[in-house]
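Next come the chains, spelled out residue by residue.
There are 2 protein chains.
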Amino acid sequence: MSNLHDEIKNIDLSYQIFPGSKKIYRKGGIHSSVNVPFREVTLNDKETTRISLYDTSGPFTDPDCMIDITKGITAVREGWIKERADIASIDDDEVSGAGSFKEHERLQARPERTVTQMHYARKGIITPEMEFVAIREGCEPEFVRQEIAEGRAILPANINHPESEPMIIGANFFVKINANIGNSAISYGIAEEVEKMVWAIRWGGDTVMDLSTGPNIHETREWIIRNSPVPIGTVPVYQALEKVNGVIEALSWDVYKETLLEQARQGVDYVTIHAGLLLNHVSLTNQRVTGIVSRGGSILAKWCLHHNKENFLYTHFDDICAILRQYDVGVSLGDGLRPGCIADANDTAQFAELTTLGDLTEIAWNHDVQVMIEGPGHVPLDLIKDNMTKQKKLCHGAPFYTLGPLITDVAPGYDHISSAIGGAMIGWLGTAMLCYVTPKEHLGLPDKEDVKQGIIVHKIAAHAADLAKGHPLAKEWDLAMSKARFDFRWEDQFNLGMDPSTAKAYHDKTLSKADNKDSKFCSMCGPDFCSMKITKDVRDSSTVRPNS
Amino acid sequence: MSNLHDEIKNIDLSYQIFPGSKKIYRKGGIHSSVNVPFREVTLNDKETTRISLYDTSGPFTDPDCMIDITKGITAVREGWIKERADIASIDDDEVSGAGSFKEHERLQARPERTVTQMHYARKGIITPEMEFVAIREGCEPEFVRQEIAEGRAILPANINHPESEPMIIGANFFVKINANIGNSAISYGIAEEVEKMVWAIRWGGDTVMDLSTGPNIHETREWIIRNSPVPIGTVPVYQALEKVNGVIEALSWDVYKETLLEQARQGVDYVTIHAGLLLNHVSLTNQRVTGIVSRGGSILAKWCLHHNKENFLYTHFDDICAILRQYDVGVSLGDGLRPGCIADANDTAQFAELTTLGDLTEIAWNHDVQVMIEGPGHVPLDLIKDNMTKQKKLCHGAPFYTLGPLITDVAPGYDHISSAIGGAMIGWLGTAMLCYVTPKEHLGLPDKEDVKQGIIVHKIAAHAADLAKGHPLAKEWDLAMSKARFDFRWEDQFNLGMDPSTAKAYHDKTLSKADNKDSKFCSMCGPDFCSMKITKDVRDSSTVRPNS
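Chains as they are written, first to last, in this note's numbering: chain P, 1 to 548; chain Y, 1 to 548.
Since the hints were derived computationally from the structure, they do not count as laboratory data. Hints may contain errors.
Below, a list of computed lysine-lysine pairs in the DSSO-like style, where the Cα atoms sit at most 27 Å apart [claimed, not checked]:
no.	chain 1	residue 1	chain 2	residue 2
1	P	K509	P	K533
2	Y	K509	Y	K469
3	Y	K469	P	K469
4	Y	K385	P	K390
5	Y	K475	P	K385
6	Y	K509	P	K533
7	P	K390	Y	K469
8	P	K392	Y	K469
9	Y	K392	P	K385
10	P	K385	Y	K385
11	Y	K385	Y	K469
12	P	K243	Y	K520
13	Y	K385	P	K469
14	P	K475	Y	K385
15	Y	K243	P	K243
16	P	K23	P	K46
17	P	K533	P	K46
18	Y	K390	P	K475
19	P	K46	P	K22
20	Y	K520	P	K536
21	P	K82	P	K123
22	Y	K22	P	K393
23	P	K448	Y	K509
24	P	K392	Y	K385
25	P	K390	Y	K475
26	P	K520	Y	K509
27	Y	K533	Y	K123
28	P	K475	P	K385
29	Y	K390	P	K385
30	Y	K509	P	K385
31	Y	K309	P	K536
32	P	K469	Y	K392
33	P	K469	Y	K390
34	Y	K243	P	K520
35	Y	K536	P	K309
36	P	K533	Y	K309
37	P	K475	P	K536
38	P	K243	Y	K390
39	Y	K469	P	K385
40	Y	K533	P	K309
None of these values were measured; they are calculated from a predicted model.
Same shape as in the complex, but just chain P (with noise of 0.2 Å):
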């Protein structure tokens, strides 16, 4: 491993937190020991106004915190965990693939118990996580821990993943973001994983898939664990495939329990399981333009048709459940069904499965597993609405978890836009959760900078989605921008950007010099053709009327 290390040291982790922006944390008033962090960004105003905002990407951002990430971040659920005592360590020798980090102590449920932040909530209890979140989200404790209890929103927080800051994922709250990284056959790295999760926090990731199918699979999700501040999600089946040398039929139901005890036992926080693709769903897509578009989908569905069995995931969903729930392992029911194109969508195929999953959601529940429905693909803008309409009634009110969707498929090299524009509009009718999509999808695996193009503009929609559902904070972050605005404020619009450097470059670009940062205009209109500098001409000129 001695080359992996010295790649590990040499990643590129020396990120300041924004400029005007310092990294504050706020108390738990439950819990003694929550501390939620925030982005404070201070403002060049009269009152030098200060405002806190919504804030992923944990300590790397904080200059008070020293990162060493062959040792991992901080534990800061290690505490609250353990108060609970319903957990015990695992020997060393039942936990499989074993790498680095060997140190890392390996929890479970006790015998009999369910360790489920959904189990707590059902019982009544407000976990320090369940106060975390509602610090982070603005609202009562007691309303997240109902919202957890009903299905409506998930908290996914694995015993085995103290690294991360609670986060939660429901229609009634911010709606989140995904970032899938991960390396597959064809690239593949860890150093260049491990960066690409703290640069996708950086720009708003709310949660991480580890989505690699090549080599070294555990190795690189424990580096990615140990070392991430927000849930990280895993399809099982892609390193279960991997474990019979990629060889479909000869998966089994044996290899895939392994695989997602080891899982667990990492610290995965949600799994995507492609349970309710049927065996006789399969032939239901024997007419589509393009088949069966996702990897799980497609996997499972070879194998039902060659076993000419039913998928083996769906006919052991209990046991699963029953693994899951002593690790808090949140399920993601996967979508295997999806349409992969315009011309697919809303079909028989998708809708069939879609009530496949509402069935395996009743079961999830009856181990208070947490669970989150995956949600189309390829939807056209007038076809959106149905998909969300029917999610909700056959899931039960269970979050949405959306890739895309994507509103066409003629735009190659940008369908991380495609993508934002319909998960904007499925974010607003109620998705709780966006999977990105980055400019390289459908061509190849994305780089830094793709990953933080399908970060920012799924944050865009997302927070769009925010502000047309009338969050509070979400509105209150705008009218501090147009403030700034109007007050030719410039560095206050930099700092409250999405993304500061890039505003203040092309600010710079075409109005360099340093006091053009006071300049009552910019270079779009000049100074004579300023419509807020003429507005302030005319509020100052006597002859305005007052406001009758």
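With the hints as your guide, set chain Y onto chain P.
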């Protein structure tokens, strides 16, 4: 002007048509002189399918056309205009501001004649312009005539811009996009603006507005119009203000009228006129967060307050229409009181002006002048529909031409995305044309790359709206792309895309070997995890059941 000529000659106009494509023309059936250009893409499928795509790039992408921009492009409409025999030449000494292109003949309607497409449509005449549009849009010429006659669509086609290829703007046609170019006092250059225009239409701009406010306004516009195959729009009050040295109070009907005539005689196809902003509307903006954000709106508000008089564009609107109908200049009724931030959306000021725009629409229609209505601005997703509904009702079905709307204020540097999201939504709901926003919006004047980015994201939004409205040609395009994707026809995917070279570059970045153009996978998933490959395997295997 020798410097200018040198500068012009150095413009890079060596644009090839996209790879795999050639320019084709379809002849008219009613008018044999009608020749409608398309981009025809030849696919590498078994049938060597050809697909024709809507194309606004003009002669610049036709290798058979010789381009000499010092002479201007071919006047394709010249014969049609003259055949109607309702026009006459204007004496040279009557044409103000002459500079380059002095030899270009200037026309106006003969006394008491009206030369607008609306006028002909109402008389039951299908002009060559209407047939051109019908072929371009895939509909019947009679349908085009009806839509224009009833004011639901406009075909901006100044008789002094015979170089323009007819293009229609209306909710029952492809959703169009406009690209703004133009210099400001901070950044200017005629050659640069001509280059931007050609660049804008290469990427899909349907109209171009020249919003120049800097030096050489007349001359810049002349070069743009003489070389533009798409309709050109302007905001005449900008030039009128330059004529009174930037002193808003010194503006008058006389100087405005002179400017309007000058522009009509140059060939401007539509003009934004802020005639709906009334004196008593101004105080309605007093409590706004960002006041008046339309350049034209703020100018007229200041003029009204200073003189304590009604807006001269309102009081002279009949006179304005009497001029416009002699040249077929369309009027785009400006939304001087559009909201400039989320907090100001859908307020009393905005809708008071919209009501007035509805009244003005009827006045213009009385003159057979073609009208569209400009719309906001900054509007959160939940308030967009109300804008579209009110516009349709208050403005009697006249086409809506919207800026964005931007659905959040917090992403400077990415406002083209915020705008495309709102644009897709309002386009689907019935907006006829989207005004693009570039990444530099609110920060500075866009450069070439900004123009391209702004156009492509709005083209995606417009196309998404076309798909959602069920346009058969829009669906055909997506279907061709989806089939190419499922067949792993990589080159076809690139060639069918909105930006072939970017898609190809992204693909090649991670799979650069030439033979990987035939790969049955990409680097995103690698060969073992490609869902489409697995789906094909499944379909090819004997275990596939026939579709039941």
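Results for each hint:
1. Distance restraint check for P:K509 and P:K533: the Cα-Cα separation of roughly 21 Å lies within the 27 Å cut-off, and the hinted pair is therefore satisfied.
2. Our distance criterion of 27 Å between C-alpha atoms is broken by Y:K509 and Y:K469, whose separation comes to about 36 Å.
3. Between Y:K469 and P:K469 the alpha-carbon distance is near 25 Å, which keeps this suggested pair within the 27 Å criterion.
4. For the hint linking Y:K385 to P:K390, the alpha-carbon distance of about 23 Å falls within 27 Å, and the restraint holds.
5. Between Y:K475 and P:K385, the direct Cα distance comes to roughly 19 Å. Compliance with the 27 Å bound is thereby established for this hinted pair.
6. In summary, the hint linking Y:K509 to P:K533 is not supported, as the alpha carbons are separated by about 46 Å, beyond the 27 Å threshold.
7. For the hint pairing P:K390 with Y:K469, the CA-to-CA distance comes to about 21 Å; that is within 27 Å, so the pair holds.
8. Among the hinted pairs, P:K392 with Y:K469 is consistent with the structure: their alpha-carbon atoms are about 25 Å apart, no more than 27 Å.
9. For a cut-off of 27 Å, the pair hint linking Y:K392 to P:K385 stands: about 23 Å separates their Cα positions.
10. Simply put, P:K385 and Y:K385 have alpha-carbon atoms about 15 Å apart, close enough for the 27 Å limit, and the pair holds.
11. Restraint check for Y:K385 and Y:K469: satisfied, since their Cα atoms lie roughly 15 Å apart, inside the 27 Å limit.
12. Of the supplied pair hints, the one linking P:K243 and Y:K520 holds, its CA atoms being roughly 23 Å apart against a limit of 27 Å.
13. Restraint check for Y:K385 and P:K469: the C-alpha separation of about 14 Å stays at or below 27 Å, so the hint holds.
14. About 19 Å separates the Cα atoms of P:K475 and Y:K385, which keeps this hinted pair within 27 Å; it holds.
15. Taken as a hint, the Y:K243 and P:K243 pair is broken in the structure, with Cα atoms around 77 Å apart against an allowance of 27 Å.
16. A C-alpha spacing of about 22 Å is found between P:K23 and P:K46, which places the hinted pair at or below 27 Å, so the restraint holds.
17. Only pairs whose Cα atoms come within 27 Å are accepted, and P:K533 paired with P:K46 is accepted, the gap being roughly 19 Å.
18. Distance hint between Y:K390 and P:K475 is fulfilled; the C-alpha atoms sit about 24 Å from each other, no more than 27 Å.
19. Proposed proximity of P:K46 and P:K22 is supported: the alpha carbons are some 20 Å apart, at most 27 Å.
20. Distance hint between Y:K520 and P:K536 is unfulfilled; the C-alpha atoms sit about 61 Å from each other, more than 27 Å.
21. Of the supplied pair hints, the one linking P:K82 and P:K123 holds, its CA atoms being roughly 18 Å apart against a limit of 27 Å.
22. Restraint check for Y:K22 and P:K393: the C-alpha separation of about 49 Å exceeds 27 Å, so the hint is violated.
23. Between P:K448 and Y:K509 the alpha-carbon distance is near 13 Å, which keeps this suggested pair within the 27 Å criterion.
24. As the CA atoms of P:K392 and Y:K385 are separated by approximately 23 Å, the hinted pair is consistent with the 27 Å bound.
25. For the hint pairing P:K390 with Y:K475, the CA-to-CA distance comes to about 24 Å; that is within 27 Å, so the pair holds.
26. For the suggested pair P:K520 and Y:K509, the alpha carbons sit about 43 Å apart, so the restraint of at most 27 Å is broken.
27. Between Y:K533 and Y:K123 the alpha-carbon distance is near 58 Å, which puts this suggested pair outside the 27 Å criterion.
28. Distance restraint check for P:K475 and P:K385: the Cα-Cα separation of roughly 24 Å lies within the 27 Å cut-off, and the hinted pair is therefore satisfied.
29. Our distance criterion of 27 Å between C-alpha atoms is met by Y:K390 and P:K385, whose separation comes to about 23 Å.
30. This hinted pair does not check out: Y:K509 and P:K385 have alpha carbons roughly 36 Å apart, beyond 27 Å.
31. Only pairs whose Cα atoms come within 27 Å are accepted, and Y:K309 paired with P:K536 is accepted, the gap being roughly 20 Å.
32. Taken as a hint, the P:K469 and Y:K392 pair is honoured in the structure, with Cα atoms around 25 Å apart against an allowance of 27 Å.
33. For the suggested pair P:K469 and Y:K390, the alpha carbons sit about 21 Å apart, so the restraint of at most 27 Å is met.
34. A distance of roughly 23 Å separates the Cα atoms of Y:K243 and P:K520; the hinted pair therefore holds under the 27 Å criterion.
35. Taking the CA atoms of Y:K536 and P:K309, the gap is near 20 Å; set against the 27 Å cutoff, the hint holds.
36. Only pairs whose Cα atoms come within 27 Å are accepted, and P:K533 paired with Y:K309 is accepted, the gap being roughly 22 Å.
37. This hinted pair checks out: P:K475 and P:K536 have alpha carbons roughly 24 Å apart, not beyond 27 Å.
38. Between P:K243 and Y:K390 the alpha-carbon distance is near 60 Å, which puts this suggested pair outside the 27 Å criterion.
39. Straight-line distance between C-alpha atoms of Y:K469 and P:K385 comes to about 14 Å, which keeps the hinted pair within the 27 Å bound.
40. For the hint pairing Y:K533 with P:K309, the CA-to-CA distance comes to about 22 Å; that is within 27 Å, so the pair holds.
Figure legend: structure checked against the earlier numbered hints; hints not met, in rising order: 2, 6, 15, 20, 22, 26, 27, 30 and 38.
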